[in-house]
Amino acid sequence: MIARLWHGNTLPVLIVVAAILVFWYAMAVHMNSPWQERMNARAELENVPFTEFASQTWAQAKPLLPAPHQILGEVWKATIEEEITSRRSLAYHSWITLSATLLGFAFGTLLGIGLAVAIIHNEASDRSLMPWIIASQTVPILAIAPMVVVGLGAVGVTGMVPKALISMYLSFFPVVVGMVKGLRSPEQIQLDLMATYNANDWQIFTKLRWPSAIPFLFASMRVGIAISLIGAVVGELSNAAGGGLGVRLLTGSYNGQTIQIWAALLLAAALAATLVALVGVAEKIVLRRMGVAT
Amino acid sequence: MNPQLVIGALLFWVAAWALNEYLVRRHGASRIAGFAVPVIFGVTLLVLWEGLTRGLAVPQVLLPPPSAIWERLVNSVPMLWADFQQTFKAVLAGYAIGCLSGFGVAVLVDRSPFLKRGLLPIGNFVSALPIIGIAPIMVMWFGFDWPSKAAVVVAMTFFPMLVNTVAGLNAAGSMERDLMRTYASPWLTTLIKLRLPAAAPFIFNALKINSTLALIGAIVAEFFGTPIVGMGFRISTEVGKLAIDLVWAEIAVAAVAGSAFYGLIALIERAVTFWHPSVRSGRA
Chain A
1 MIARLWHGNT
11 LPVLIVVAAI
21 LVFWYAMAVH
31 MNSPWQERMN
41 ARAELENVPF
51 TEFASQTWAQ
61 AKPLLPAPHQ
71 ILGEVWKATI
81 EEEITSRRSL
91 AYHSWITLSA
101 TLLGFAFGTL
111 LGIGLAVAII
121 HNEASDRSLM
131 PWIIASQTVP
141 ILAIAPMVVV
151 GLGAVGVTGM
161 VPKALISMYL
171 SFFPVVVGMV
181 KGLRSPEQIQ
191 LDLMATYNAN
201 DWQIFTKLRW
211 PSAIPFLFAS
221 MRVGIAISLI
231 GAVVGELSNA
241 AGGGLGVRLL
251 TGSYNGQTIQ
261 IWAALLLAAA
271 LAATLVALVG
281 VAEKIVLRRM
291 GVAT
Chain B
1 MNPQLVIGAL
11 LFWVAAWALN
21 EYLVRRHGAS
31 RIAGFAVPVI
41 FGVTLLVLWE
51 GLTRGLAVPQ
61 VLLPPPSAIW
71 ERLVNSVPML
81 WADFQQTFKA
91 VLAGYAIGCL
101 SGFGVAVLVD
111 RSPFLKRGLL
121 PIGNFVSALP
131 IIGIAPIMVM
141 WFGFDWPSKA
151 AVVVAMTFFP
161 MLVNTVAGLN
171 AAGSMERDLM
181 RTYASPWLTT
191 LIKLRLPAAA
201 PFIFNALKIN
211 STLALIGAIV
221 AEFFGTPIVG
231 MGFRISTEVG
241 KLAIDLVWAE
251 IAVAAVAGSA
261 FYGLIALIER
271 AVTFWHPSVR
281 SGRA
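Line by line, the protein sequences give chains A and B. Heads up: the first sequence begins at 1 in our numbering, then just goes up one per residue. Heads up: the second sequence begins at 1 in our numbering, then just goes up one per residue.
Please note: incorrect hints may appear among the correct ones.
Here are some chain B residues pointing at chain A (derived, C-beta under 7 Å) [to be verified]:
{"no.": "1", "residue": "V61"}
{"no.": "2", "residue": "G118"}
{"no.": "3", "residue": "P121"}
{"no.": "4", "residue": "A128"}
{"no.": "5", "residue": "G133"}
{"no.": "6", "residue": "I216"}
{"no.": "7", "residue": "V220"}
{"no.": "8", "residue": "V247"}
{"no.": "9", "residue": "I251"}
{"no.": "10", "residue": "A254"}
Calculated directly from the structure, the hints in this document are not laboratory data. The beta-carbon is built from N, C-alpha and C at its ideal position, and this holds for glycine as well.
Let the hints inform the model, and build the full structure from the sequences given.
Shown next as structure tokens:
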């Protein structure tokens with residue numbers, strides 16, 4: 001039992017996480033202490049015992065580095081205790097970000113699949129599109145996020161769509177690359193078999209190429225959904241009225257509300273982890289039904 | 001509205017497409033076609049963009065034509081250069097620190113299977129997180145100038161490098177490792193002569209991913225507060241003033257810089273990993 005724990009992944013991961021938490025609390029004491037010392041000097045408190053001093057640094061209102069339990073407390077307060085429709089509720093802001101992420105991810109996946117199909121079936125589009133698709137990713141696309149949001153806002157398109165477009169631009173790339181690889185993955189001998197059956201292009205696509213591309217599609221979608229969340233968060237930075245986790249980051253940074261920033265970050269991380277895990281579950285179910293994985 | 005321009009642009013598109021089809025069918029295998037086809041496609045995109053924005057009188061706020069962007073770019077070179085320097089200080093410093101520390105930690109972690117099993121899942125997990133969100137915190141910690149942006153870049157580039165290097169260090173086959181052991185080669189020699197060269201494709205993969213991430217990180221971090229210079233600062237303020245052509249000029253600079261950065265690493269990769277099958281067959 002213990003040997004299995006030792007050689008598996010669970011125990012090492014737990015120990016590393018625990019080490020990170022200990023380090024975090026220590027850093028919180030270290031980084032917050034100058035301010036706390038000044039406060040204590042002003043309150044004419046002298047010779048504060050270390051344990052009390054440490055707990056003081058973990059309980060500041062606007063600490064330089066909040067302690068983990070403060071962040072969890074803020075998340076709890078802002079999701080469970082607030083009304084879900086309130087603008088102070090983190091659940092409300094998470095929903096705004098999540099909906100834009102999912103819309104953009106859906107668009108991006110469809111666009112990616114479409115481009116990959118075009119690239120597979122037409123040599124000229126392969127030669128002309130592929131270099132530009134790769135070049136499109138060396139462009140720091142997140143930098144144009146404010147322009148997309150403001151530009152579309154100027155012609156009356158606001159809310160979810162501009163953010164979703166940014167997510168789409170980010171998430172189509174892994175899908176194109178993965179699907180091109182996947183649609184080309186059938187071996188020559190399999191294609192020859194289809195040819196001896198006198199299958200047409202459509203039949204080859206639906207019965208051979210598409211099924212063999214599915215594992216590649218899921219691998220790409222896992223990457224795609226994580227970056228489309230990033231796209232949505234960055235898109236929100238330019239539209240402070242719209243709400244969302246990005247706006248919480250921005251207002252937190254303007255007001256020095258560090259706990260609020262960390263809480264928004266934690267929720268964004270949780271959202272990313274959940275979405276990636278959901279894609280993973282869908283992958284498992286689909287692959288099992290197709291008989292690929294056991 | 002100017003229908004001639006629209007029709008002209010569309011005709012150009014059809015002609016360029018036909019030319020590309022012809023080139024691919026006739027000279028598909030030659031190097032010139034491999035170079036010319038994407039270039040023709042790029043030129044077509046520009047012509048189509050110019051023709052449609054001018055022909056359909058698309059508002060400047062939405063999408064300025066490329067000629068206007070070029071004009072603006074040429075007119076504001078000193079400002080763009082200053083922004084570029086400010087941002088690239090952060091990109092290069094952060095990139096160097098992030099990649100080197102990721103590499104160093106990976107080499108250390110590689111010695112301990114326990115740490116490796118503990119750190120790798122966490123590294124993979126963190127790679128999927130929106131790390132860019134720590135930008136406001138870094139601005140608070142390191143101030144408004146470029147060090148805070150470099151810190152964001154460090155955080156963004158560290159984990160891809162760590163995960164890829166650890167994977168790469170495991171890439172050497174057991175046959176080769178056994179051979180090194182029969183030579184009684186110490187750990188360091190095995191590392192330098194066998195495992196690092198075997199890991200090179202993975203490390204370069206991380207370097208390429210990170211080159212894009214670093215630029216994104218530095219620019220987005222500048223949205224959260226900077227001295228009044230820098231590409232991200234310029235983009236966010238000029239967007240507010242609806243000077244979209246200047247924003248596009250800034251993006252063009254960023255795109256060229258990003259592609260050059262990426263291309264440089266790809267060139268180094270070809271030189272260093274000349275033995276790898278993907279380079280030997282001419283398809284990097």
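Now for the hints, and whether the structure bears them out:
1. V61: 4 Å, holds
2. G118: 3 Å, holds
3. P121: Because about 5 Å separates P121(B) from the closest Cβ in chain A, which is inside the 7 Å limit, the hint holds.
4. A128: 4 Å, holds
5. G133: 5 Å, holds
6. I216: Status holds, d = 5 Å.
7. V220: OK, holds: V220(B) within 7 Å of chain A, min 5 Å.
8. V247: Since chain A brings a Cβ to about 5 Å from V247(B), closer than 7 Å, the hint holds.
9. I251: 6 Å, holds
10. A254: It holds, given that the least Cβ distance between A254(B) and chain A is near 5 Å, below 7 Å.
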